[in-house]
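*Asks:* Going down the list, the sequences are from chains Y and V. So the first sequence is numbered by the working numbering: it starts at 1 and just counts up by one. So the second sequence is numbered by the working numbering: it starts at 1 and just counts up by one.
Hint data in this document are derived by calculation from the structure and do not stem from the laboratory. Just so you know, even glycine gets a beta-carbon here, dropped at the ideal spot from N, CA and C. Treat each hint with caution, since some may be false.
To be verified - To spell it out: a stretch of chain V is covered by chain Y in this simulated footprint if at least three of its residues, at any positions, have a beta carbon under 8 angstroms from a beta carbon of chain Y; those stretches are: (1) 254-267; (2) 346-357.
As the list claims (entries may be wrong) - A few chain Y residues that face chain V, going by a derived Cβ cut-off under 7 angstroms, partial list only: (3) Phe287; (4) Arg557; (5) Val560; (6) Ala562; (7) Leu576; (8) Lys580.
What the hints assert, rightly or not - List of simulated lysine-lysine pairs, BS3-like, C-alpha gap at most 30 angstroms: (9) Lys527/Y to Lys556/Y; (10) Lys580/Y to Lys76/V; (11) Lys580/Y to Lys563/Y; (12) Lys574/Y to Lys563/Y; (13) Lys76/V to Lys563/Y; (14) Lys232/Y to Lys273/Y; (15) Lys527/Y to Lys76/V; (16) Lys580/Y to Lys554/Y; (17) Lys232/Y to Lys279/Y; (18) Lys76/V to Lys554/Y; (19) Lys344/V to Lys563/Y; (20) Lys344/V to Lys572/Y; (21) Lys574/Y to Lys344/V; (22) Lys554/Y to Lys514/Y; (23) Lys556/Y to Lys76/V; (24) Lys344/V to Lys580/Y.
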Amino acid sequence: MSPPEKQVIPQSRIRNFSIIAHIDHGKSTLADRLLERTGALSARDMREQVLDTMDIERERGITIKAQAVRLTYRAADGQDYLLNLIDTPGHVDFSYEVSRSLAACEGALLLADAAQGVQAQTLANAYMAVEAGLDVIPALNKIDLPGAEPDRVAGELVNILGGSEGDVVRISAKTGQGVDALLERIVAEVPAPIGDPDAPLRALVFDSHYDSYRGVVCYVRIVDGRLSTGQKIRFMATAEQHDANEVGVLTPVAVPVAGLGPGEVGYLITGVKEIDRIKVGDTVTSFVNQAQEALPGYSEPRPMVYSGLFPSEGDDFERVREALDKLRLNDASLVFEPETSRALGFGFRCGFLGLLHMEIVRERLEREYDLDLVTTAPSVAYVVTLLDGTEREIRSPQDLPDPGELAEIREPYVRAMIITPTEYIGTIMELVTSRRGDLANMTYLGPERVEMDCLVPLGEIVFDFFDVLKSRTRGYASLDYELNSYRVSKLVKVDILLNGVSVDAFSAIVHHEKAFNYGSSMVSRLKTLIPRQLFDVPIQAAIGSRVIARETVKAKRKDVLAKCYGGDITRKRKLLERQKEGKKRMKMVGSVEVPQEAFVAALRVDD
Amino acid sequence: MSPDSPELADGSAALRSAYVHIPFCERVCPYCDFTVVAGRDDLYDRYLEAVIAEIDAEMPWGPLDSVFVGGGTPSKFGADRLNTIVTSLRDRFAIAAGAEISLEANPEDWTLETALELRAGGFNRVSFGAQSFEPEVLAYLGRIHGPDDIAAAVESARSGGFESVNLDLIFGSPCERDWRGTVMAALDLSPDHLSAYALTVERGTPLSRAVAAGAPAPDADDQAAKWELASSLAEAAGLVRYEVSNFARPGHHCRYNLGVWAQGEYLGFGVGAHGFRNGVRRRNVRRVEAYLERVGRGVGPVQGTEDITGWAAEQERLMLGLRLAAGVSRGHGGRRLLETPSGKRLLEAGVLIDGERLSVARPLLTDVVARAVLDLGAPEDWLSVSHPER
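Let the sequences and hints guide you as you build the complete structure.
*Replies:* Shown next, in the form of structure tokens:
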């Protein structure tokens, strides 16, 4: 394919923007509508939610991967504008990806459901956009729904962003109502990118993905200069030099172009196959005419939650490594290092942005890479100070030093922002307190909606806080959180022993007041999960050498079929073969056979 | 010879046996998953004819060391028909002098006349489906007879000249109150042989549907305790346990069954019957109509065959032999088992004993060992080595 005609739309008519919205508030539908309105898709290509390319995204109805689409829009002034829509994820776990997407934009649409109102994530992302200096256009979606309260929600948006209710665009992404007005607002209000076409090239890598044929595909936003096909380029952070084998735009179909100028958004293929060599957040410059200064980098993604991932079959270790390597290319926030567990064998300690992120990674590994995994209890990173004054970060309960060597343990606290109808304030206070949290501040967004600002240990949030919050408020409360501080806490490590052997996968660092509860619930749960063995199996919870809870799985007494005569032999052998298959998924812990499911089930938390 | 002696077990491998299946029952018991049919007494004569035809079509073999007529309820079939079958077997294969000729019987069908007639026809061992001496348990199991019928049946068998009398018992019904009472009542009748089976919920039976719908199921721990009680009471009465569920006075073990467990050969006749000869197991069709139709057409009732040779035969030798109190010679399979982690764990836990022979010290865990045996892969040189122990 030959590159199309040189772009005729000047930099002044480029608009780069994102859509910020809560899950299910209609971002993907609006994106589809924008693509349709600007003729980016033929009817044949049109399928629902085109921007969400991964199966998981479609099934969960959320967007994980940011992508960029170029749209050409003829505005009411008769001029053609080039709109780059940069898709962003909407879940609390992915605020890092949101920040990268926002860095490639000059403006953002803040989209709120006219029935459900502003949610905590929307608010957090809106603040992020404002802090990044973006112009934010407030919009209400789903105004055609029977339960819509556009005036009330418009009031909330004004409370957050300022301005007047008249500034809020009212649309229905489903029917297309108001979408033209919205396009006009984008053209009118999102600033054109400023960037010097004559300066040395500086382009921001704001995302990447791995294509098995083309290798690493980088998504770039040109800030200064020009990125041309065939150009020798240099990645400033990694100091890697490559050729720009192909430069193109997504319409959303990938279309190669001769080059991209300031303000433009597109993709770059260098032929690099090794997934570690390109760093999202890096600045691309020209090799011959290098920029002096890299663009302000992104904040490095900071994992909030750690968990061990172990292959069910020990020999899958290398396959897990390859799969994680590939996933990391698409997901710069995923970090991992090898870990050895006595109970589970060889695996990886992985850091995630949050629980949803963890679940998505696990699901993608199992689905896209056909792996069978055991996931250990999520843990946060603690900072310990030893008696000799040295500090250490602890990401796995296994690594916690002996209590005798410890001066103190500090745990991460988050600022949790909860938006809720006022009737649930009491319920939420109760939940927050039970999770060792405190209310710091409360702001009314309207007569019936309130924002509660709380300080809560992250370790108390990562398990199931969000689920419990949702169920206690019938889904009305929303949550966002950010790391706030590290504070000294009285934390202890609770070990679980099977037949006297500590099962590292079940160890947890918990607050000392909760140790007994954790221990006894784990022990009684395991009692129901561990099949009877040839001998009695004591299950104990212990802090150091002090046992705090104990149960016993009594020895199996009978495992034999009463009859085995001439006519039964084949049938009996087949029955035994089937039972044997069930045994395959057992892990040996010391001399105890533990079913694979027991690890998963024991670590599943219910309230 | 004591029923649990290794010489007896190993010697039984050389026995030649015949099994004949009589599927007819007065009604079908809710736990039963055998090949049975109720309410088709009209088929008796056609069935007899077909069994005889099947016997006559079999290749010459023999002489037979044991004959076992099982069911179903053979005693319902009528003494003259049963005797005719024995005659056919004798004509076709010859029956060795002193052979065991055994049948299964329900207490309610049994009279002194029956006993005398069958004895005259050559039968010398009878196995009564006593099951329990508790009326509630008998009702739960769908049995027609009462406890008194059992005593009467044993009495007539003795008077009729039967040399060996067995009682079958089933323990662990959820409504069972007095298992000890049942065992004691059975032992009071001085049986020569006792089979005590744990009630098992088999797939596809009315019992399994009832359990699936919420009816109480037998409890494995309760059954374990009852098995232990039965074992100690039986042993105290002079009955020696020689298989997981079977006890006998010396000289009164069931030769037919011991032959099966020792991998001896047997022919199977009748609907659903299995035979095992020359390393091939064959099974007959399971539906009575199909059986009659096929034999009538002269195509034979065999529905399928299975080769039990090589490593599979070695695994079955262990799987069956380990059910015996006498255990089994170690052989290639046993040695291999002892090398595996699971074999070592079984030794450590005291389930498996590696003595003169390999045996299971905790018979109620036999299937744990059997699964480990079935998990063994054949040694690479299996086909090239000779197998003197076989």
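*Asks:* Is Lys527/Y close enough to Lys76/V, meaning Cα to Cα at most 30 angstroms?
*Replies:* With a Cα-Cα distance of about 50 angstroms, the restraint between Lys527/Y and Lys76/V is violated, given a limit of 30 angstroms.
*Asks:* Does the nearest C-beta of chain V fall within a distance shorter than 7 angstroms of the C-beta of Arg557/Y?
*Replies:* Holds, because the Cβ-Cβ distance from Arg557/Y to chain V comes to roughly 4 angstroms (cut-off 7 angstroms).
*Asks:* Check the hint pairing Lys580/Y with Lys554/Y against an upper bound of 30 angstroms on the C-alpha distance.
*Replies:* holds (21 angstroms)
*Asks:* Holds or violated: the segment 254-267 of chain V covered by chain Y, criterion of 3 or more residues with Cβ-Cβ distance under 8 angstroms?
*Replies:* holds (count 4)
*Asks:* Is the shortest C-beta separation between Phe287/Y and chain V less than 7 angstroms?
*Replies:* violated (59 angstroms)
*Asks:* Holds or violated: Lys76/V and Lys554/Y, Cα atoms, limit 30 angstroms.
*Replies:* The given pair, whose Cα atoms are some 46 angstroms apart, is violated under the 30 angstroms limit.
*Asks:* Below or equal to 30 angstroms on CA atoms is what counts here, so check Lys580/Y against Lys76/V.
*Replies:* violated (40 angstroms)
*Asks:* Given Lys580/Y as an interface hint, is its Cβ closer than 7 angstroms to any Cβ of chain V?
*Replies:* holds (5 angstroms)
*Asks:* Taking only the CA atoms, is the gap from Lys527/Y to Lys556/Y under or equal to 30 angstroms?
*Replies:* holds (13 angstroms)
*Asks:* Are the Cα atoms of Lys574/Y and Lys344/V separated by 30 angstroms or less?
*Replies:* holds (24 angstroms)
*Asks:* Can you confirm whether the C-alpha distance between Lys344/V and Lys572/Y stays at or below 30 angstroms?
*Replies:* holds (24 angstroms)
*Asks:* Within 30 angstroms, alpha carbon to alpha carbon, are Lys76/V and Lys563/Y?
*Replies:* holds (23 angstroms)
The structure is inconsistent with the numbered hints 3, 10, 15, 18, 23, although it conforms to all the rest.
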